[in-house]
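Here the protein sequences line up with chains A and B, keeping their order.
When we follow our numbering, the leftmost residue of the first sequence carries the number 1, and every step to the right adds one.
When we follow our numbering, the leftmost residue of the second sequence carries the number 1001, and every step to the right adds one.
Just so you know, the hints here were simulated from the structure itself, not pulled from any lab data.
Given the structure is predicted, the values throughout are model-derived calculations rather than measurements.
Every residue gets a Cβ at the ideal spot worked out from N, C-alpha and C, and that includes glycine.
Which residues of chain A face chain B? A few of them, derived with a C-beta cut under 8 Å, are:
no., residue
1, Val-116
2, Trp-130
3, Ala-219
Here chain A is said to cover these stretches of chain B; the calculated rule only asks that three of the stretch's residues, wherever they fall, bring their Cβ under 8 Å from a Cβ of chain A:
no., stretch
4, 1070-1078
5, 1133-1145
6, 1164-1176
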Amino acid sequence: MRVKTQRSVSDIHRKDRTIWLAVPINKISNSFADAVADIPSGASIMIGGFGGAGGQPTRLMMALRELGVGDLTIIGNVAGISKTTGYGWPDHLYPIDQGMFFESGQATKIICSFPVPGTTNPLSEIEKAWREGNAQVDIVPQGTLIERIRAAGAGIPAFYTPTGVGTPVAEGKEHREFNGRTYLLEQALTADFALIRAQKADARGNLQYIGTSRAFNPAMATAAKVTIVEVDEIVEIGGIDPERVGTLSTYVNRIVQREAGDPLP
Amino acid sequence: MNVTPAIVGNDPAPRLNRAAIAKRAARDLVDGSTVNLGIGIPALCADFLPNGVELLYHAENGILGFKELSAPGEGDPNLMDAGGKFPKLVPGMAFFDSVESFNLIRGGHIDVTVLGALQVSRNGDLANWMIPKRGIGSIGGAMDLAANAKRVVIAMEHTARGDITKIVNECTFPLTAPGCVDEIITDIAVIKIDRENGRMILRETAPGWSFADVQARTEVTLDTVGEVGLMA
Chain A
1 MRVKTQRSVS DIHRKDRTIW LAVPINKISN SFADAVADIP SGASIMIGGF
51 GGAGGQPTRL MMALRELGVG DLTIIGNVAG ISKTTGYGWP DHLYPIDQGM
101 FFESGQATKI ICSFPVPGTT NPLSEIEKAW REGNAQVDIV PQGTLIERIR
151 AAGAGIPAFY TPTGVGTPVA EGKEHREFNG RTYLLEQALT ADFALIRAQK
201 ADARGNLQYI GTSRAFNPAM ATAAKVTIVE VDEIVEIGGI DPERVGTLST
251 YVNRIVQREA GDPLP
Chain B
1001 MNVTPAIVGN DPAPRLNRAA IAKRAARDLV DGSTVNLGIG IPALCADFLP
1051 NGVELLYHAE NGILGFKELS APGEGDPNLM DAGGKFPKLV PGMAFFDSVE
1101 SFNLIRGGHI DVTVLGALQV SRNGDLANWM IPKRGIGSIG GAMDLAANAK
1151 RVVIAMEHTA RGDITKIVNE CTFPLTAPGC VDEIITDIAV IKIDRENGRM
1201 ILRETAPGWS FADVQARTEV TLDTVGEVGL MA
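Based on the sequences and whatever the hints tell you, model everything.
Shown next as structure tokens:
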């Protein structure tokens, strides 16, 4: 690790007593393997980003794959279509996506909005596992999925949405009319772990995002019991402009920094 | 009203290609609108905006105000659209997370969405996310867009492979949203949907196509109001 944040307490104390009082327990993991080491079989795991390379916690996903635990429930958005379509990946790179946990047999269920591409040639890993009866696939409208995650983090157990009324996703759900329009009751969605991706973290765990890499990351950070963040760079406290903090350190449990010059986006 | 369509294999004239469908759809987009274009033919609309029309493009992944794509091989994965392509950074662009992105959609702030379809029914029901035979499909942002955009335009080929009608009295495919479609633009016709009265009004046909030619490939009995124009 090349983290340059381990200043002595007395240094910080001299500079700013308030910061010293609030110095958190160390959230920095030394490796991706360490960061995911306590994820057990049977865990539910949110994987951030949108789909595609940007905002995806690719190194954490690879570490989870390496860890080998099974019976996982994955919660994602556009899931497992990049490998066969190149979706959201630069042309010269071999795409990595959530399908890896179905290829390895680690995941038995996915909750997402977009599990399959338009084409079935070749079949994506998720569709393959689903066809073989090895995976349950819950398909949720994207706006409902993100709001269920947001609600979980915000302490709201359920909410009404107009999306999905009159479609298969409405089956078995409470309907209620407000001002002449019909809405569905949808429930908050939490998880044991969230693996997310940010551009920068400070040593306290405040996160800064870049471009369109936000997507599902900020909401997922609030909704899981344990939030683990993959970042390009860890900076010292004060290294992120308070105006640019995209996720508050309170939500963040672990931070792990990529190697400089990592060829994966 | 129920008519079994006589599906005719012999077209009277060429159908418009995908780009021409998009070009016709683009003609109706109003300057200054906030617009979400679905993948496929709808995404091509951006290439055919009339002179002087500027739109604010929204994509579900959290970007507003994008324009042209980066050159092949030059895209930034952190600057993506919802189709997984990489637009260029341009002035006035805004980035946001998925909560905000769907506040924009669900809250009714998208003026127009142009989407593809598998089936559209007489009363404007839309089915575009799953072919029942496959048994698995992808919803993505389609249900939120179809249910909540101020205006829903479908840009699609008029019939499926084998000249199977896609404009039907009742959708047999799982719905994306009921009663949401305002207009359908296809490779042979422009059809406006009068949802209140469950009527489909043929507004334009492709060059060389008559009312009867379009009707023969459409399960819903079509109406007209005044002259039927020419798609161009």
